[in-house]
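A.B. asks: Once you've looked at the hints, dock chain B against the given chain A.
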Amino acid sequence: MTALELAKKLKVKFGDLLSEPAEFRGEITLGIADAEQVAEVCRYARNDLDFNYLVDISSVDNYGEDPRWTIVYHLRGLTHGNELRLKTNVSEEKSELPTVTTVWKTANWHEREIYDMMGIRFRGHPDLRRILMWEGYPYFPLRKDFPLAGKPSELPGVAFTKPAPLEGGPFVTAPGGKDAIEREPRVRTPEG
Amino acid sequence: MATVQDIEIRDSAARAAQAADELQDSVGEKMVLNMGPSHPATHGVLRIVLELDGEIITKADPDVGYLHRGDEKIAENMTYTQFIPYTDRLDYLAPLANNVAYALAVEKLLGIEKDLPPRCQYIRVMCAELARISAHLLGLGAFAMDLGAVTVFLLTFTEREKIYNLAEAISGARLTTSYTRIGGVMRDLPPTWLEQCEQFCDEFIPALNEVEVLLTRNRIWVDRVRNLAVISKADAIDYGLSGPNLRGSGIEWDLRKNQPYLCYPDLEFDIPTGSVGDCYDRYLVRMEEMRQSVRILRQCIQKIPGGADNKTREPVNVTDGKVFLPPKEKVMSKMEELIHQFILVTQGMNCPPGEIYFGHENPKGELGFYLNSRGGGTPYRMKIRSPSFVNLSIIPKIFPGCLISDTVAILGSLDFVMGECDR
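Quick mapping for you: the protein sequence lines, in order, are chains A and B.
Residues 1 to 192 (our numbering) make up the first sequence, in order.
Residues 1 to 423 (our numbering) make up the second sequence, in order.
Honestly, I wouldn't trust all of these hints.
[Said to hold, decoys possible] Here are the simulated DSS-like pairs of lysine-lysine, each with C-alpha atoms no more than 25 Å apart in a straight line:
1. B:334 / A:94
2. A:87 / A:151
3. B:59 / B:30
4. B:108 / A:87
5. B:114 / B:233
6. A:105 / B:108
Source of the hints: derived by calculation from the structure; they are not laboratory data.
Given the structure is predicted, the values throughout are model-derived calculations rather than measurements.
Chain A on its own, in the form it takes in the complex (with noise of 0.2 Å):
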């Protein structure tokens, strides 16, 4: 079975809860309207569809828009060998959406980590703590509107206090540009 297959199994099991498979070099999307269904969705792709195998979760900030996170799953089956991306929409007023550490148990780390650098928060995760930042730290590092060259905190010396010594530099490109013009060092304007 391939996972074209899968997916549209997936889809006639959920209806409209699910986008129509789309396919990009050979990979197989689904979006998932509301991302209380995470879970559910996530429970039947294992059990019934065989995907025993959580590869990874990511968060994407699409700043300036909304909703704001996308949360990108990536599942394997062991047996059958397919991939499937499962994605999911939440905005930034809400940040907040079901754990699926009751599903797999490696999404533990993963959840944890876009907690600490996205500030998305998994609910009914059974340890929701900071992971790469230290516990206290106040910012979510991987938000478009978190500077590169970092903030000041309460413990001198440890982060960046002062912006990188190449940051606005003739050969740098800038963050947060919503194309490879805007971000590109030689057309911008020198500021200031």
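C.D. replies: For chain B alone, kept in the frame of chain A given last:
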């Protein structure tokens, strides 16, 4: 003038352990022990908060992030090509394999992975396999040394030195190789390189046999690693383990076989798997993987198009000027190539909007790159799925019940590297 500053303990792991400790004091006598982040057996900066009942571990809470450099943030702010040197610093025991993994991921996004010239594919496979041997040698040497077998460490490092020499010959650097480019490699192999590589293979197998004689049936070694930290098949899958740790638990899953890339389908090799899932099995799997890597290397030396000196001028890069830098002499004399060069250097290659995930069978496990592109020369979001990060997440599951002296053996058998875990 020195100033003294009081910092409140913000560490929740330590606080939680302390609270639990106070609670339990009336019942038993548990002790909380902090291991790391600077501990010789943590191979970097891993910290584990252990709760002990006598000599037995009752709870383990790993604390990672001491080497966090924000590679994913950095990647969003530079072109795809500029990120290649950062991949050297992920798993710094196998930089060549990281280079290959990253280049393949971007090529998948561009849709040009099928256009790679055969010689380039063979070169990349050889790089990845040399990196695998190098990483396993270090993992094994450190594993054995932590358990008191210092001789093994000396033997494996002698062999690693030869691999560094080979890396230096192709890329000019021993550690920070940055050898691949998007759509090819930095330069072709030097003329005598295949000969040196073959010589390495010839010398390596006897050295590996010597290590095998020292360890595999050594009573002390076997007593310390057998039936220790058994990971069942179900747990290995549930916790998302990959690489030798997954195969040590008896699951035959290798991306080189199951989702073949480069020229792996043309090469013959076996996937070793364990039967019990203990530390001894993980050790045996790594030993056999090194032998299989040598087998792959020998086939590559035989089959590589163009041979050692590439008399037939086989290409090693894609020829698309919008992806790969055109030859310098053409840039100097032709208008179109000059434009390509300028655009590539200042803006990077124009990637189509879309998202891909590519997983590469790295020495430590599956190194994956999730690339989210909105067009242009920089990724909108890059997520690095690092095998060490995922492999370490099983520690709270397997540590309880073990003796405190077993921790070094288990950590050695999991074979992680913090540069990749913390990114």
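A.B. asks: Quick check: which numbered hints come out false for this structure?
C.D. replies: 1, 2, 5, 6
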